[in-house]
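First to last, the sequence lines map onto chains A and B. So for the first sequence, my numbering puts the first residue at 6; every next one is plus one. So for the second sequence, my numbering puts the first residue at 1151; every next one is plus one.
No wet-lab data here; the hints were simulated from the structure. Keep in mind that the hints are not guaranteed to be accurate.
[To be verified] Capping the alpha-carbon separation at 20 Å, the derived lysine to any residue pairs in SDA-like fashion look like this: (1) K1196(B) <-> Y126(A); (2) K1250(B) <-> S368(A); (3) K1323(B) <-> L1273(B); (4) K1252(B) <-> L369(A); (5) K1232(B) <-> F429(A).
[Unchecked claim] Some but not every residue of chain A turned toward chain B, in silico, with C-beta under 8 Å: (6) I340; (7) R366; (8) S368.
From the three backbone atoms N, C-alpha and C, an ideal C-beta is built for every residue, glycine too.
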Amino acid sequence: MAFPELFMVIPGPPMLSILLWIGLLMLLLYFAREPAHQAIRSLSRTFHASLRLASRSLLLAERRLAGRNKDVLLASSRESMERVIEREFHRVDAVVKRDLAGYPSLQRALADQIARLEEDYRQSSELSPPTPTWVEAVEAVAKIPSNGDPTVSKVLEKIQVIVQNQQKAVMAEYRKNISHRHGLLKRMIPYWRRMTDTLEDVGKTITGLQERSAVIDRRMAEYEEIIANSDRAEQMYASSAMTQFFIAGFVLLIAFGGAVINFNLIALPMSEMVGGGSYIGQFKTADVAALVIILVEVAMGLYLMESLRITRLFPVIGSMDDRMRVRMIWITFGILLILASVESALAFMRDTIAADLHALRQSLVDAPATEPVNSWIPTVGQMALGFILPFALTFVAIPLESFVQSSRVVMGRAATGALRTGAFFLRLLATFGSYTGTFLIHFYDLLIVPPLWIAGLIQGRQRDGQILSPEADHSPEPDHPGPEIKVQEESA
Amino acid sequence: MKQLAWVTTLIAVAACLMGCADTTSRARGVYMLLDTSGTYRTELNKAQSIVSYLLGTLQPGDSFGIARIDTGSFSEKDIIAKINFDGRPSVANNQKRLFKEKIDRFIDSAKGSPYTDITGGVLQAVEYLNESGAGQKHILIFSDLEEDLEKGYVRDIPFRMEGVQVVALNVTKLRSDNIDPREYLKRLEQWRQRIEDGGGSWRVINDLERLDKIIAG
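Please construct the entire structure, taking both the sequences and the accompanying hints into account.
Put into structure tokens, the structure is as follows:
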């Protein structure tokens, strides 16, 4: 007996059997309605609640991470700001040492100039012409009555002549003195000018110090904001970190290009030193050796930059005493110089090998050997590149430090964003699950509309009968639980 | 301090790696068989370009040997030139020059042989490549693959050539092949079968403009 024939319970057209089966199925679904609703409801609630819980966990993790990010960002900003303020203080210190350290000598110079001025002034003060001592005697003689005595008249005339001569001499002396005083005053002019210049210099120094102090004030205000963990400081430095990340990344890419050029410059000649046929794993030993040389150069560059206190990737180097630090500067610089010289020599060797290889290939194809024009230009160029690139790679330390510091912030932010997005989608999924439960309940009821309708009619009639009889209990028949799912809304 | 230790360790590991080279050989070993039988003698000039290409392609550390196929090819006397290229590129270049001169001299003065013992040549090639310790082994057979053994020579020997790539170059069609191409196809198929039964791989390159495929892979 075929499987469909099993369901043919009523002989005749199959439609009757189908209708019978549908009716039975409906009845079954109707009687199982309550447990089915509860099952759907509990399933959707479980789904909803677990997803909301997961979403909440993600949000909590996101908050913790954001807090941690803020701490890291502000700590790095604080460190950076401390360096800026320290640098400003160093500048002030330099100004004070340069200009104000000479202040005692400046003061001495000023005092000397003032003393000279005072001396000149004193000398130039106008003196009344000295009164001749014999004037009183002349006056006394002049008061002697002449009484027409010719001797007296002659004496008086003589006295007049002498007085007039004396006056002329005194006037000449007076003019001479005045001229001398003018000379002295003229001599004072350069002293005045010099003193003015000195005072202007002092004024400029003071103004520079004032500007520096204004900058320090601004930096201190920012520093205080960082210390206070303000949101403004966080936003400001987060945006700065993003900018730093992209700029440093771009510069590192450029440096990577330089390293690749450097690698190609020394990989071939290295095979002349370590052999071209040996391998380390998948890589040629010559290539690995060239790579190691470049890495050593980068490492030396890092140490040099650390020793110069330009970067602060290794606190142990930064905290060394100055004598040791200077030694380290010279050692790293020496190693870099040696490596640069080696690279330059390797670049020369590379050119020689390449020329030899070219000549071999020419001979293999029986082509006439051609002498390249100005063959020394690429040779010198390669040697110069080989010498310069190690020193250029030294400066990778600066963008590397920025990249490392900013990448922590950027990655933290990206992780925060990812967590937030995950939480959003989980909540969305939870809501979807909840409404799916509601939909399934409605759909279930839709499948059993005829029995529900009949049950509704019967219940309506029963209710009407109870209303008509006075003994009837007026308490309402408990309704079928609605298909709605009461979802406990959780606060976000 | 941690970062400093990390960088130092990295450099130390790199330096250590420099010192302890991998023992797995990545060198290539190439053995070329040149058919000098009467009918194929005129094709030898084409072999010169193949040798030039191979000399330009092989790297320091690789091995290269060339032998002729004559009446009895399973002999060291048939090796025209063989060399292990030095690890230093400059020395290897000089070796290549000398090698080329040797081969040119041979091709100019090569005499045709009455018989063609390809199997013996292949056996000799396998022996040479195994001794060279090369990581990649290639046997190039520059021949029409028509074996013609002198009476008394036993060559019904199975090959043992695991990991050896055999490339048949310039497999020219004989007059009888033109009459019945099935002979040519049958000849190729027989050789493929023998090589693959021995564990080697088999390829045929007749277009000498595509020399880059000879020792590819």
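Hint-by-hint comparison with the structure:
1. In summary, the hint linking K1196(B) to Y126(A) is not supported, as the alpha carbons are separated by about 113 Å, beyond the 20 Å threshold.
2. Taking the CA atoms of K1250(B) and S368(A), the gap is near 9 Å; set against the 20 Å cutoff, the hint holds.
3. A hinted pair counts as satisfied when its Cα atoms are at most 20 Å apart, and K1323(B) with L1273(B) does not qualify at roughly 24 Å.
4. Restraint check for K1252(B) and L369(A): the C-alpha separation of about 13 Å stays at or below 20 Å, so the hint holds.
5. Taken as a hint, the K1232(B) and F429(A) pair is broken in the structure, with Cα atoms around 72 Å apart against an allowance of 20 Å.
6. Annotation: interface hint on I340(A) violated; nearest CB of chain B at approximately 12 Å, more than 8 Å.
7. For R366(A), the shortest C-beta to C-beta distance to chain B is roughly 5 Å, which falls under 8 Å, so the interface hint holds.
8. Annotation: S368(A) was flagged as interfacial toward chain B, and the flag holds, the nearest CB pair being 7 Å apart, inside 8 Å.
Against the hints set out earlier in the document, violations occur for numbers 1, 3, 5, 6.
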